[in-house]
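Trainee: Construct the complete structure from the given sequences, taking the supplied hints into account.
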Amino acid sequence: MTHGSPRAGAPTETSCSWIPGALAARCATWPTTTFAVGSPADADVDAYVGAARTWDYFLQRHGRHGIHDDGTGPRLFTDVGPPDGEFFAQYDPECGCMLPGPAAGGKAAWNATDVVAHEMTHGITGMTAGLDLNGEAGGLHESTSDILATLVEFSANSGKDRPDYTIGEGVGDGDEPNHQIGRISNEFFYQLAVGSGQSTWGKARRAAEHRR
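Residue numbers for the sequence shown follow this note's numbering, beginning at 1 and rising by one.
If a hint is listed, it holds; no wrong ones were tucked in.
Pair ranges (Cβ atoms, derived): (1) GLU169 <-> LEU192: 19 to 27 Å; (2) GLY135 <-> SER158: 33 to 41 Å; (3) HIS68 <-> ASP132: 16 to 24 Å.
Hint data in this document are derived by calculation from the structure and do not stem from the laboratory.
The beta carbon of each residue, even a glycine, is placed where N, CA and C say it ideally should be.
Mentor: Following this line, the structure appears as structure tokens:
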């Protein structure tokens with residue numbers, strides 16, 4: 001796993017070169033001072049721990065050795081994006097890397113285990129099912145990431161970030177069309193997991209929503 005651009009001053013051409021296409025040009029305009037809640041090192045460690053938990057879940061539960069199933073670790077660049085919260089988090093298939101964004105507006109950085117697991121699952125879905133990122137296929141892409149990220153969080157069972165059925169709580173919302181379509185299968189997963197009645201997390205509510 002790799003750390004992204006420098007922490008101080010403007011990013012150099014080299015530090016942006018791993019970002020494909022037009023995004024590379026935007027990278028050169030982004031400041032790289034401390035964005036995360038706490039120290040930059042904390043943000044890095046949280047994201048790397050999330051990736052390690054995701055790796056362990058897929059290996060132990062599904063026998064998969066990483067995104068490409070070849071034992072190669074994921075590429076992970078932390079605090080990518082401007083400090084206004086415009087970037088969010090994503091998996092980029094062109095560079096084969098996860099790009100969790102910085103903290104913004106007093107909210108948490110995009111480095112929680114469920115967020116990192118969501119993005120890493122996009123890579124696995126792309127390598128296996130090859131789903132398109134738009135329309136109904138895009139909705140399934142998002143939902144698959146939501147569901148498996150939730151399973152990663154429950155598998156980790158961290159006392160610091162208790163398992164639940166929301167993704168990236170505290171950092172954004174889930175209004176993008178693909179996420180809205182994905183809520184249908186998220187609801188199905190939630191009811192399979194806890195039933196249709198009252199539970200610790202409420203009554204037959206939408207589950208594993210990706211809040212971005």
